[in-house]
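Asker: Take a look at the letters that make up each chain.
There are 2 protein chains.
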Amino acid sequence: MKLEMICTGEEVLSGQIIDTNAAWVANTLMELGIETHHRITVGDRLEDLRDAFIERSHHADVIIVNGGLGPTSDDMSAEAMALAKGESLIENEEWRDRLISWFSKNNRQMAKSNLKQALLPESAVMVDNPVGTACGFRVKLNKAWLFFTPGVPFELKHMIKEQFIPFIKSEFGISENTALKKLLTIGHGESSLADNLAELTLPAGITLGYRSSMPHIEIKIFARGDKAINQLAEVTKAIKSILGIAIVAEDRPTLAAEIHHRLFQSGFSLSLAESCTGGMLTSQLIDFPGSSSYLHHGLVTYSNESKVKVLGVNPQILDDHGAVSIATVEAMARGAREILDSDFALSTSGIAGPDGGTEDKPVGTVAIALATKHVVYSQMVKIPNRSRQLVRSLSAAIAYDMLRRALLGEAVIVDYPSITRFAK
Amino acid sequence: MKLEMICTGEEVLSGQIIDTNAAWVANTLMELGIETHHRITVGDRLEDLRDAFIERSHHADVIIVNGGLGPTSDDMSAEAMALAKGESLIENEEWRDRLISWFSKNNRQMAKSNLKQALLPESAVMVDNPVGTACGFRVKLNKAWLFFTPGVPFELKHMIKEQFIPFIKSEFGISENTALKKLLTIGHGESSLADNLAELTLPAGITLGYRSSMPHIEIKIFARGDKAINQLAEVTKAIKSILGIAIVAEDRPTLAAEIHHRLFQSGFSLSLAESCTGGMLTSQLIDFPGSSSYLHHGLVTYSNESKVKVLGVNPQILDDHGAVSIATVEAMARGAREILDSDFALSTSGIAGPDGGTEDKPVGTVAIALATKHVVYSQMVKIPNRSRQLVRSLSAAIAYDMLRRALLGEAVIVDYPSITRFAK
Chain B
1 MKLEMICTGE
11 EVLSGQIIDT
21 NAAWVANTLM
31 ELGIETHHRI
41 TVGDRLEDLR
51 DAFIERSHHA
61 DVIIVNGGLG
71 PTSDDMSAEA
81 MALAKGESLI
91 ENEEWRDRLI
101 SWFSKNNRQM
111 AKSNLKQALL
121 PESAVMVDNP
131 VGTACGFRVK
141 LNKAWLFFTP
151 GVPFELKHMI
161 KEQFIPFIKS
171 EFGISENTAL
181 KKLLTIGHGE
191 SSLADNLAEL
201 TLPAGITLGY
211 RSSMPHIEIK
221 IFARGDKAIN
231 QLAEVTKAIK
241 SILGIAIVAE
251 DRPTLAAEIH
261 HRLFQSGFSL
271 SLAESCTGGM
281 LTSQLIDFPG
291 SSSYLHHGLV
301 TYSNESKVKV
311 LGVNPQILDD
321 HGAVSIATVE
331 AMARGAREIL
341 DSDFALSTSG
351 IAGPDGGTED
361 KPVGTVAIAL
371 ATKHVVYSQM
381 VKIPNRSRQL
391 VRSLSAAIAY
401 DMLRRALLGE
411 AVIVDYPSIT
421 RFAK
Chain R
1 MKLEMICTGE
11 EVLSGQIIDT
21 NAAWVANTLM
31 ELGIETHHRI
41 TVGDRLEDLR
51 DAFIERSHHA
61 DVIIVNGGLG
71 PTSDDMSAEA
81 MALAKGESLI
91 ENEEWRDRLI
101 SWFSKNNRQM
111 AKSNLKQALL
121 PESAVMVDNP
131 VGTACGFRVK
141 LNKAWLFFTP
151 GVPFELKHMI
161 KEQFIPFIKS
171 EFGISENTAL
181 KKLLTIGHGE
191 SSLADNLAEL
201 TLPAGITLGY
211 RSSMPHIEIK
221 IFARGDKAIN
231 QLAEVTKAIK
241 SILGIAIVAE
251 DRPTLAAEIH
261 HRLFQSGFSL
271 SLAESCTGGM
281 LTSQLIDFPG
291 SSSYLHHGLV
301 TYSNESKVKV
311 LGVNPQILDD
321 HGAVSIATVE
331 AMARGAREIL
341 DSDFALSTSG
351 IAGPDGGTED
361 KPVGTVAIAL
371 ATKHVVYSQM
381 VKIPNRSRQL
391 VRSLSAAIAY
401 DMLRRALLGE
411 AVIVDYPSIT
421 RFAK
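Quick mapping for you: the protein sequence lines, in order, are chains B and R.
Residues 1 to 424 (UniProt numbering) make up the first sequence, in order.
Residues 1 to 424 (UniProt numbering) make up the second sequence, in order.
For the record, the hints were derived by calculation from the structure and aren't laboratory data.
Every value quoted in this text rests on a predicted model; they were computed, and no experiment measured them.
C-beta: ideal position from N, C-alpha, C; glycine also.
Treat the hints loosely; a few may be bogus.
Here are the computed lysine to aspartate or glutamate pairs in the DMTMM-like style, where the Cα-Cα straight-line distance is at most 20 Å [unchecked claim]:
hint	chain 1	residue 1	chain 2	residue 2
1	R	K2	B	D51
2	B	K240	B	E250
3	R	K2	B	E47
4	B	K112	B	E94
5	B	K309	R	D341
6	B	K309	R	E338
Under 8 Å between C-beta atoms, here's a sample of chain B residues computed to sit facing chain R [to be verified]:
hint	residue
7	G15
8	A23
9	V25
10	T72
11	R211
12	S212
13	G279
14	M280
15	T282
16	I286
17	S306
18	K309
19	L340
20	P354
Taking the hints into account, I'd like the entire structure generated from these sequences.
Answerer: Here it is, written out as structure tokens:
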């Protein structure tokens with residue numbers, strides 16, 4: 001089965017929005033072992049859309065068309081498809097009734113323009129969208145099924161999972177015979193990971209992929225076929241043994257997700273005292289519903305005065321050692337933990353740049369501490385001089401990893417590849 | 001001049017990296033008045049590349065090809081172009097010498113594979129790349145100039161600015177006669193903005209575009225030609241008068257950028273006390289270098305105990321009114337402001353969902369307060385029931401807008417379109 005994608009919309013073509021839909025779709029299908037072969041992005045011009053539909057229908061077996069299903073005049077996917085197929089648009093009664101009842105249920109006036117969303121090419125098969133006002137549809141043209149999906153990301157995701165994947169499975173007999181394992185790493189670049197893993201002989205049917213998601217690189221171990229699937233655990237173990245502490249989570253998109261999961265399950269409480277990470281630790285956890293069950297507070301004490309007043313850091317410590325120091329982050333973590341007697345507290349203070357570096361403490365110098373009820377762990381690292389954003393996100397990752405290792409009963413402070421640790 | 005783009009690389013096609021290069025190029029050229037008409041994304045397959053080059057060379061006047069210029073075997077743009085043109089690859093002596101001297105200057109051993117980067121199609125014109133080892137080149141095929149650029153983002157940006165734009169200006173006589181104004185809005189959907197602005201008659205040469213950047217929609221007013229440029233201020237004024245308080249910033253990408261700019265200039269200090277926004281207010285400001293000059297702290301007091309202990313909220317208030325209430329956010333803002341006697345403090349507390357709603361206070365109910373040295377402003381709003389992320393980001397935007405309006409000496413609390421305000 002040859003799969004292609006056509007993305008529509010002037011705002012995508014003109015770069016006003018970055019096309020995360022296309023990446024999400026390709027990535028999601030890739031995890032099922034289905035490759036995307038070709039992608040076209042076209043604007044809101046009827047002829048361009050029609051030409052793209054016709055041209056690609058000779059090459060692909062199935063084409064996901066994304067966007068252009070809305071109520072406004074620049075939404076013209078259905079019209080372009082009707083043109084390409086040489087048929088007219090007719091009102092889909094089922095969807096028209098669904099629109100009318102959706103608006104009345106939500107106490108909203110339906111604009112006349114919304115009825116346009118029920119107009120489909122004559123030969124189209126309607127595809128349900130329980131989470132929005134744009135139904136999808138599919139049309140067969142030449143050798144291809146064109147499958148039309150909404151541009152709103154969560155509607156698209158819903159339709160791909162609930163409708164598109166079942167459709168191609170039944171239409172093309174895609175076997176589910178694949179499995180995927182994901183390992184999250186820190187400290188390595190992609191080529192350095194590949195170099196490290198070069199010694200490994202992979203069994204037939206197992207392939208490795210890398211996805212950069214700063215400050216992490218994710219390793220994807222993809223197994224195709226029963227035999228390979230049976231060997232997946234062993235290959236995973238071998239990779240973990242080669243990369244050691246660089247691997248910080250399994251089958252989690254971020255370290256924050258790993259921490260959320262562990263704290264949510266364990267009943268331990270957490271407080272955060274952030275300076276250079278500036279709320280990143282806190283907001284990454286609060287993104288998860290349920291985080292209120294363990295997160296006491298996240299205190300972004302950006303000024304020295306706030307470190308003193310809110311966290312109770314002794315001003316003498318700040319005077320003697322500076323805000324970016326082992327002594328300061330230890331006092332910050334201790335202070336944040338003690339306010340509500342949390343089980344754990346993390347603190348960060350560093351020089352994120354682009355300014356503020358000194359010879360002793362250049363940009364990228366970050367002090368991090370973890371306080372438990374009994375002891376405070378701390379370290380000062382030098383993050384390879386990159387962007388402000390990377391200094392902050394890598395600091396947050398190291399802080400989370402200290403907590404993760406403590407929760408597992410492992411050594412809290414370790415030497416990550418490419419990150420220098422200052423002697424105490 | 002008809003411009004198109006061809007993006008290459010398996011990792012882009014398969015969604016392992018999101019194609020920010022394509023958006024950056026289209027956006028940069030759009031701001032010069034040059035539209036992108038079509039974009040293809042192809043993987044690292046020689047025939048697919050060759051076919052795409054040939055096919056599009058009949059449609060476009062100029063095609064930017066991005067990626068595939070590296071030293072490894074999956075970099076095959078030059079080879080595919082030579083195939084498409086029916087010519088051989090020859091070594092460009094100038095670039096070969098540059099490579100040799102670049103590596104020796106950087107004290108690095110040049111791998112043999114790097115010499116591949118000097119192999120260009122016979123009829124190619126070499127394009128300089130002073131910031132990397134991949135030179136660009138351009139080749140005329142059928143009606144189109146294909147212009148090859150490196151995939152590394154900063155090398156691409158450099159080449160587009162320094163080489164590509166001058167090239168098309170001289171080749172196609174592009175005039176620079178365009179201007180752009182951007183207005184940031186909240187509370188309207190795109191179709192509602194379009195409906196509101198339908199009454200407006202735009203002068204010739206002025207067009208409107210919309211860019212969704214939740215929780216905002218940005219209106220782009222684009223003027224082409226001297227006459228239209230002269231009318232841009234007047235059109236902007238008319239749009240502002242129609243949309244009123246829905247417009248929250250001009251020529252800024254976010255409200256946080258507007259607040260950063262105003263506070264940085266004014267010397268006023270700010271403290272934040274966040275509950276449902278969970279560090280979003282804080283981290284959006286800390287993203288800007290220089291925010292430490294005005295931001296005292298951001299206290300994410302997620303638990304009730306933290307509101308009491310850190311902000312000094314009277315427990316009786318929490319008992320009587322609940323965490324999501326006017327009384328609580330007023331006490332939070334007052335408390336956060338008083339710790340360091342900041343000029344301003346913002347506070348938020350709300351039900352971001354998906355759980356936690358009640359009949360009285362459904363998901364999307366958010367209380368927001370602004371404390372100044374003299375008075376506390378507060379409101380409780382109902383954000384249309386959407387995602388947890390949207391409830392939080394729209395709450396943050398309303399909080400920032402309260403501060404923005406206070407800094408301008410305007411009414412702090414206003415009724416935004418589509419956002420209901422609870423009676424006090």
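Asker: If a hint holds in the structure, say so; if it does not, say that too.
Answerer: For each hint, the structure was consulted:
1. K2(R) / D51(B): holds (16 Å)
2. K240(B) / E250(B): holds (10 Å)
3. K2(R) / E47(B): holds (15 Å)
4. K112(B) / E94(B): Roughly 17 Å separates the two Cα atoms, so the pair holds.
5. K309(B) / D341(R): holds (11 Å)
6. K309(B) / E338(R): Roughly 11 Å between the alpha carbons, so the hint for K309(B) and E338(R) holds.
7. G15: Because about 3 Å separates G15(B) from the closest Cβ in chain R, which is inside the 8 Å limit, the hint holds.
8. A23: OK, holds: A23(B) within 8 Å of chain R, min 4 Å.
9. V25: holds (7 Å)
10. T72: holds (6 Å)
11. R211: Hint holds; R211(B) Cβ to chain R Cβ min 5 Å, cut 8 Å.
12. S212: Constraint on S212(B) satisfied, holds at 6 Å.
13. G279: With Cβ-Cβ at 4 Å, under 8 Å, it holds.
14. M280: At about 6 Å, which falls below the 8 Å cut-off, the nearest Cβ of chain R leaves the hint on M280(B) intact, so it holds.
15. T282: Because about 4 Å separates T282(B) from the closest Cβ in chain R, which is inside the 8 Å limit, the hint holds.
16. I286: holds (3 Å)
17. S306: Nearest chain R Cβ about 4 Å off; hint holds.
18. K309: holds (5 Å)
19. L340: Since the shortest Cβ distance to chain R is 5 Å, the answer is holds.
20. P354: holds (6 Å)
When held up to the earlier numbered hints, the structure conflicts with none and fits them all.
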